[in-house]
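Enquirer: Sequence:
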Amino acid sequence: MAQLRDVMTSEIKTVAPDATAKEAASFMLSADTGSIPVCENEKVIGMITDRDIAVRGVAEGRGPDCSVRDLMSKDVVCARDTDDVLAVAQRMSDAQVRRLPVVDADDRLVGMVSLGDLSREAQQAAAVTALEGVSAEGSSHKQS
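Using UniProt numbering, read the sequence shown as starting at 1 and increasing by one per residue.
Hints may contain errors.
As the list claims (entries may be wrong) - Below 20 angstroms or equal to it, Euclidean Cα-Cα: the simulated EDC-like pairs (lysine to aspartate or glutamate) are:
no.: 1; residue 1: 13; residue 2: 81
no.: 2; residue 1: 22; residue 2: 60
no.: 3; residue 1: 74; residue 2: 40
no.: 4; residue 1: 22; residue 2: 32
no.: 5; residue 1: 43; residue 2: 107
no.: 6; residue 1: 13; residue 2: 107
no.: 7; residue 1: 43; residue 2: 75
no.: 8; residue 1: 74; residue 2: 94
no.: 9; residue 1: 13; residue 2: 50
no.: 10; residue 1: 74; residue 2: 23
no.: 11; residue 1: 22; residue 2: 50
no.: 12; residue 1: 43; residue 2: 11
no.: 13; residue 1: 43; residue 2: 81
no.: 14; residue 1: 13; residue 2: 23
no.: 15; residue 1: 74; residue 2: 18
no.: 16; residue 1: 13; residue 2: 42
no.: 17; residue 1: 13; residue 2: 40
no.: 18; residue 1: 13; residue 2: 32
no.: 19; residue 1: 74; residue 2: 42
Treat the hints as calculated values from the structure; they're not laboratory data.
Construct the complete structure from the given sequences, taking the supplied hints into account.
Expert: So, in structure tokens, the structure goes:
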């Protein structure tokens with residue numbers, strides 16, 4: 001099975017922990033995303049989502065100048081770029097997350113993987129399996 005580096009998105013946007021909630025929200029709007037990794041020195045220290053800004057920021061009465069560090073989720077589940085796609089899909093299911101930061105052996109952020117990325121990989125794997133079965137030598141089923 002494929003490794004995450006084969007299916008992840010490697011062009012990722014990040015936000016600094018000292019950015020404001022307003023800056024993070026504007027960035028999410030322009031990037032058309034609902035979550036952004038929070039990084040310091042290329043290392044993931046958190047994730048901020050549009051929900052974090054709405055619930056932890058607005059609902060708790062914090063202003064738009066509140067720092068990302070104060071709103072972000074700190075216990076971030078990450079995956080390694082060499083991890084097996086199926087194992088990561090299970091990890092995402094267990095953690096109930098739609099996106100995971102992907103790090104290399106030095107824990108530097110190298111990509112993001114989404115459920116959509118994993119779904120495309122699963123569909124391709126299923127198609128290959130079907131094609132191998134159809135193309136197998138000795139296959140007696142023929143359809144006109």
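Enquirer: Decide, hint by hint, whether the structure agrees.
Expert: Against the structure, the hints:
For the hint linking residue 13 to residue 81, the alpha-carbon distance of about 17 angstroms falls within 20 angstroms, and the restraint holds. A hinted pair counts as satisfied when its Cα atoms are at most 20 angstroms apart, and residue 22 with residue 60 qualifies at roughly 15 angstroms. Of the supplied pair hints, the one linking residue 74 and residue 40 holds, its CA atoms being roughly 13 angstroms apart against a limit of 20 angstroms. Only pairs whose Cα atoms come within 20 angstroms are accepted, and residue 22 paired with residue 32 is accepted, the gap being roughly 15 angstroms.
Distance hint between residue 43 and residue 107 is fulfilled; the C-alpha atoms sit about 6 angstroms from each other, no more than 20 angstroms. Distance restraint check for residue 13 and residue 107: the Cα-Cα separation of roughly 17 angstroms lies within the 20 angstroms cut-off, and the hinted pair is therefore satisfied. As the CA atoms of residue 43 and residue 75 are separated by approximately 13 angstroms, the hinted pair is consistent with the 20 angstroms bound. Of the supplied pair hints, the one linking residue 74 and residue 94 holds, its CA atoms being roughly 18 angstroms apart against a limit of 20 angstroms.
Restraint check: the Cα-Cα separation between residue 13 and residue 50 comes to about 15 angstroms, which is no more than 20 angstroms; the hinted pair holds. Restraint check for residue 74 and residue 23: the C-alpha separation of about 19 angstroms stays at or below 20 angstroms, so the hint holds. Among the hinted pairs, residue 22 with residue 50 is consistent with the structure: their alpha-carbon atoms are about 11 angstroms apart, no more than 20 angstroms. This hinted pair checks out: residue 43 and residue 11 have alpha carbons roughly 15 angstroms apart, not beyond 20 angstroms.
Among the hinted pairs, residue 43 with residue 81 is consistent with the structure: their alpha-carbon atoms are about 14 angstroms apart, no more than 20 angstroms. Distance hint between residue 13 and residue 23 is fulfilled; the C-alpha atoms sit about 13 angstroms from each other, no more than 20 angstroms. Taken as a hint, the residue 74 and residue 18 pair is honoured in the structure, with Cα atoms around 14 angstroms apart against an allowance of 20 angstroms. Straight-line distance between C-alpha atoms of residue 13 and residue 42 comes to about 11 angstroms, which keeps the hinted pair within the 20 angstroms bound.
For the given pair, residue 13 sits about 13 angstroms from residue 40 by alpha-carbon distance, which is consistent with the 20 angstroms threshold. Using a Cα cut-off of 20 angstroms, the hinted pair residue 13 and residue 32 holds, with the two alpha carbons roughly 11 angstroms apart. Between residue 74 and residue 42 the alpha-carbon distance is near 15 angstroms, which keeps this suggested pair within the 20 angstroms criterion.
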